[in-house]
Amino acid sequence: MKHSNMLAMILAGGRGSRLHELTSKVAKPAVSYGGKYRIIDFPLSNCANSGIDVVGVLTQYESVLLNSYVAAGSRWGLDTKDSGVFVLTPREKAESGLDVYRGTADAISQNIDFIDQYNPDYLLVLSGDHIYKMNYAKMLDAHLKAGADATIAVLPVPMKEASRFGIMNTDADGNIVEFEEKPAKPKSNLASMGIYIFSWKNLRKMLVADMKDPNSDHDFGKNIIPTMLGEGKKLIAYKFEGYWKDVGTIDSLWEANMDLLNKQNGLDLDDRSWRIYTEDVSALPAYIGPNADVDRIYITQGCVLEGEVKNSVLFTNTVVAEGASVVDSVLMPGVKVEEGAVVTRALVAGGVKIGKGAVVGSPDSENILLVSKNVKGVE
Amino acid sequence: MKHSNMLAMILAGGRGSRLHELTSKVAKPAVSYGGKYRIIDFPLSNCANSGIDVVGVLTQYESVLLNSYVAAGSRWGLDTKDSGVFVLTPREKAESGLDVYRGTADAISQNIDFIDQYNPDYLLVLSGDHIYKMNYAKMLDAHLKAGADATIAVLPVPMKEASRFGIMNTDADGNIVEFEEKPAKPKSNLASMGIYIFSWKNLRKMLVADMKDPNSDHDFGKNIIPTMLGEGKKLIAYKFEGYWKDVGTIDSLWEANMDLLNKQNGLDLDDRSWRIYTEDVSALPAYIGPNADVDRIYITQGCVLEGEVKNSVLFTNTVVAEGASVVDSVLMPGVKVEEGAVVTRALVAGGVKIGKGAVVGSPDSENILLVSKNVKGVE
Amino acid sequence: MARAFGIVTSTPRRVNVYGLQDCRPAGAFSFLGRYRVIDFPISNLTNSGIENIQVYLNKFPRSLTDHLGTGRQYNINSKNGRLQLLFCNHNNHNEVYNTDVSDYLDNMDYLNLIDQEYVVIQPCYMIFKQDFADILEEHIQSGADISMLYHKVNNGRDHFLSCRVVTVDKDQKITSLSENRGNRASQSIFMDSYVMKKDLFVDLVRKAREYSSTFSLAQMISKECEEQNLNIRGIQHKGYFAAICDLQSYYDASIELLDMKVARSLFSDDWPIYTRTTDSCPTQVFEGANIYHSLVSDGCEIEGTVANSVIGRGVKIGRDAVVKNSVVLSYSEIGPGVHMEYQIVDKWAKVLKTKELIARPDDPGYVKTADRL
Amino acid sequence: MARAFGIVTSTPRRVNVYGLQDCRPAGAFSFLGRYRVIDFPISNLTNSGIENIQVYLNKFPRSLTDHLGTGRQYNINSKNGRLQLLFCNHNNHNEVYNTDVSDYLDNMDYLNLIDQEYVVIQPCYMIFKQDFADILEEHIQSGADISMLYHKVNNGRDHFLSCRVVTVDKDQKITSLSENRGNRASQSIFMDSYVMKKDLFVDLVRKAREYSSTFSLAQMISKECEEQNLNIRGIQHKGYFAAICDLQSYYDASIELLDMKVARSLFSDDWPIYTRTTDSCPTQVFEGANIYHSLVSDGCEIEGTVANSVIGRGVKIGRDAVVKNSVVLSYSEIGPGVHMEYQIVDKWAKVLKTKELIARPDDPGYVKTADRL
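Residue numbers (our numbering), protein chains in the order written: chain A, 172 to 550; chain B, 172 to 550; chain C, 159 to 531; chain D, 159 to 531.
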């Protein structure tokens, strides 16, 4: 591939504390999703499919798993001569000590030297924890066509929910005229997706200035974008249409998984022209036993189903024993449901064992039950 | 490759301050050596050739270049399904803040979670800044044969220099009975090379205890090894014979490069059974011009030599213009020596330009001159 | 560096799998949904620490070249190891010349470049698990010139009829190597797998060609057995073993591995079978679908009934369709209401209009690649 | 995804490079020490953003299969792009059947799977730099059915004699495509490179086969030019251009690129020529050695004199040896005191005992692979 003139930086520092124990050992972008994926597979596959060669992944929180996961750039084909996925953590520098990233903009600022190595014309800033398919090359086309200084991807949200988002108010030509963070009275329903394209030269200058500003939060939404608007720069909104999900809570993560059970789920993971790449595990295809009773499920290699499994999403290497029942649930990688156990409306974290005869979750619960520790059997 | 039961951790945090400006932008392991290599190519190639699949590189100081360099594990073939080179920097953890590595042992301790992912039987600890070829698989054989708890590679040094090193005193069977750091009156000439093999289960316990000890320096040489000796563990010395160089100073780095001009240099980089792998650059083979005058030189792809070049080591993409003269010198990658310039007994840092007619270094100087900034021409 | 070099041979002439073999060699056959047959011998080698491997390709090299690539998926370190594909000057006009010996002679330059002292030879059409580090150790300890793997079967009268058999004396010495004439139920099937010194191997290849232009290595060794010049030792293999020699044995091997007890003797956590990923998404099983006693690969959409079958990647099975006792290869489509039993459906086929396809377990049906029925 | 798909054709019949071609196709020829000829067309494609590429292999596929691997060295994203090697049923008995059209027809299944709207076709034996993103843009803008690259030369009377030539009218329309009969010095050499829609390409391939079993694509297009059914447009290529059709042109191209002014029109920082690394160490030049006006690859040990020559990887040149106006391929050894001029020394050769090897610039000598002289 000819050197892409756009380099991507994925902000993957998310603590994701509303996902509770799911993120006690892994950063949110490394959380499992959709049977065989991790959330960060989406932005990384989008980059690979958009022809972006070099991706920096910015992380500071409990990054061992995320680090070793994304470092194998071969998963997304990003391991050729001049391409790569690089994990960038805070570093000790000659002139300063070791600092955490203080904000989204600071995370980029602290890695200016990395970006300079590649000398890109454009910088794409992404969040590592959203599920969607998007062609960033088309977004760059829009950026170039408009001659913009920055382009921000926006998602139309229901007007009544708009006050929960950062809202972009645009003029008739799609120019952003105002940015409001969670406005009480939203003027538009275009929510920022946290996806930015900047012309790098200009952004670099702004970041250097921002780093020196003691009053700045070093955040794109709070500081950089308002400053650019104040300076009269040309910022445009790039409207995204399609499936997009921020899986910030257990309920929304469960829901995003259950979406996959619909034939027309909008995400279409089977689209051969825009594959989502992920780790390949050495496991047999899914095995369904002679006495299994399955209906409306999403399964993948390594699954061994011998019991009743209905309306559920089962991840790699999950086991449902004979006589067990799994309904309306999401079982993350390696979950074992032993004989006679009953799992209903639950999201079971990776590796958890539900012992013989145990009952977890209930068909009547309002919220989805997160099961993150082994559940003892009832003998 | 079947999962190797030994995982390697390379300590690459070296500030290398005696290398002056050479390490102002890169960590010492990333310093260039031998025409086309970086120092860390040696331990990484040794790992690959020894059949080790997973290598952690521990770094905290100015690691962007080192990071992006080693992350491309394909250079050493360490990018197959179950292998990889992983850059490990200090991380923010749920239960604690962001900490720098406090010592060699602490650097390993802070990455116990990384090592646990692979569950190795043995841990190989290496330093990232030495030049040598060594088969760690043979060292593991010795470790296993002796039933040792730890095996330490040692290098016989001249007795009169032994007081500059960490010295291992051994009994007749090669068991280490005492470790002395820079002893005034050395009892042995076996210097520790900072290469250790530990049985991981036991080391893990010791590291967990060491982390809690407020009086510890968290250092292998100062704390872990003496503690093991005190506890009566079996530690053996593994004698290394062959070329080994710690290029801690400008003079020794220059010398190590000049060693390559000897036909029998002991390092034998041409050995096809133990190749040293490195980055491949897109450049023409070395070009020697019609009026060049070359003698006793070490050259590589991208060199363009049109002047006099004698007794020198020239790295990738160096240019010596017509009428220029380079003698007894080392030119790092991308150095340009313009017309009429004279370079003698110098080590010129990467990318430096020696302007027209400039004279740097002198044949009579005792020390080698480090040239780390562009030198203006004399018009 | 390991002491042994690995060789996976090209499909021998005696292997004749109806239909499947029309456009790919036996090593490239899809197996159990996500594997290809050659994944088994190559995983055996890399799991045994052997990372220098030659794979011989004869007719139709494309599919295996694609599938094998540079061998990264098998954990072959691209610097320290090497998966080398070697092509043969296939004689299109007289099959009798296309022997393994001829493959080796076509590539003698590359055999001569081997540094390792020993060679481990495996066929591309047999499925089994074997740690060759152990075999090599045993070979060296025994002092034998050649060690050969064999597997004892009790159905040799009507199975393994295109395999060779060995007779082994009480000292594990091989006293004969000959065709399986089906004259006895209890047979020791030769697994086409050898360990010997590289130099002896090269000598035998040369000797075979001198003796006859159509001689295979096995024929040469059979002769050596008779002449008793060499110390040839048998090593009995235990665990799962299948030889894919014809369509029936391909079908039988697929179906018998649906028994997880049998499968566990071939697949285990400490012996991963590596293969190339195709980045398929998971499989959707829709409302009203039924699946029993089957292996279902990723990327499928299943609305009908699947029983006692192996389903490849990206297969679509329509509403009210019934797929029973069948092997459906990747990207095929079984339309709504189609009823099939005892079928092997090759890749990209679409069975839409033919509503009933029923064969017998001892003579399964075959639907051709990309056919529309 | 780029709008175009890339094809690199197999060595055409008319290319006949004495000696070098005995064991590898033209694309696999070592060039300028560290490259192979095929690196140029493939780098052209990947530098133009085209990452879906088919390479057609005919005779001797091993060396190119080894060299190309999965294409990572060319920056082909292994997920989003693909370097596919396609093999042809080479007809050993009558060369006349082995045309590019026959290659395509053997692999029509894979051509049909191409998603891209356009194909860019390049030969494997020509060396030049070309941004095909620009060419594709120009092709689309012009509204032509086919765009073809040509290069103007002034030595067409005695060079490029196995190439084809085009005539181009003032509107850049190609009015004829024919053999170069050497009847004029000034010629427009056809570069065997086309851009057209994939569907048209497939049509022309089918049409060619219908017309004659021995017709090549160029012959079919020549006929289309005559019949004026299609809008066929020429695009003039500028910059370095070489066609490796025989031993003389291989030698000439190697030597003329020793002139750095010429080399700079082929090699530039924004157009990297990718190749496979062999992990050679740098080159040692010992006391007493002399080197002038030469390209010296890595891994050499030089004790003698090298002038006006191209030296491949890992070559040893002994004390008092003189290598002048020569091309020495990788891993060869020129012994002490040997004097050679105007030679092409193939890989692994050792010239030790023959102390003088002198030929002429218009008829260079050739030393065979692995020969001992």
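These are calculated hints, taken from the structure and not from any lab test. Please read these numbers as outputs of a predicted model, since none were measured by experiment. One thing to keep in mind: the hints can contain errors.
Here are the simulated BS3-like cross-link-like pairs (lysine-lysine), alpha carbons at most 30 Å apart as the crow flies [said to hold, decoys possible]:
1) C:505 / A:304
2) D:419 / C:365
3) A:434 / C:217
4) D:474 / C:505
5) A:434 / A:410
6) A:544 / B:309
7) C:505 / D:355
8) B:507 / D:331
9) D:237 / D:217
10) C:237 / D:505
11) C:237 / B:304
12) A:507 / C:482
13) B:376 / B:331
14) A:434 / C:381
15) B:353 / B:434
16) C:355 / B:304
17) C:356 / D:505
18) B:304 / C:505
19) D:237 / C:474
20) A:405 / A:331
21) C:505 / B:309
22) B:527 / D:419
23) D:419 / D:355
24) C:474 / A:434
Going by beta-carbon spacing under 8 Å, a handful of chain C positions derived as facing chain B [to be verified]:
25) 238
26) 346
27) 373
Glycine included, every Cβ here is placed at the ideal spot set by N, Cα and C.
*asked:* Going through the numbered hints above, which ones does this structure break? Give me the numbers in ascending order.
replied: Hints 2, 3, 4, 6, 8, 13, 14, 15, 18, 21, 23, 26, 27 not satisfied by this model.
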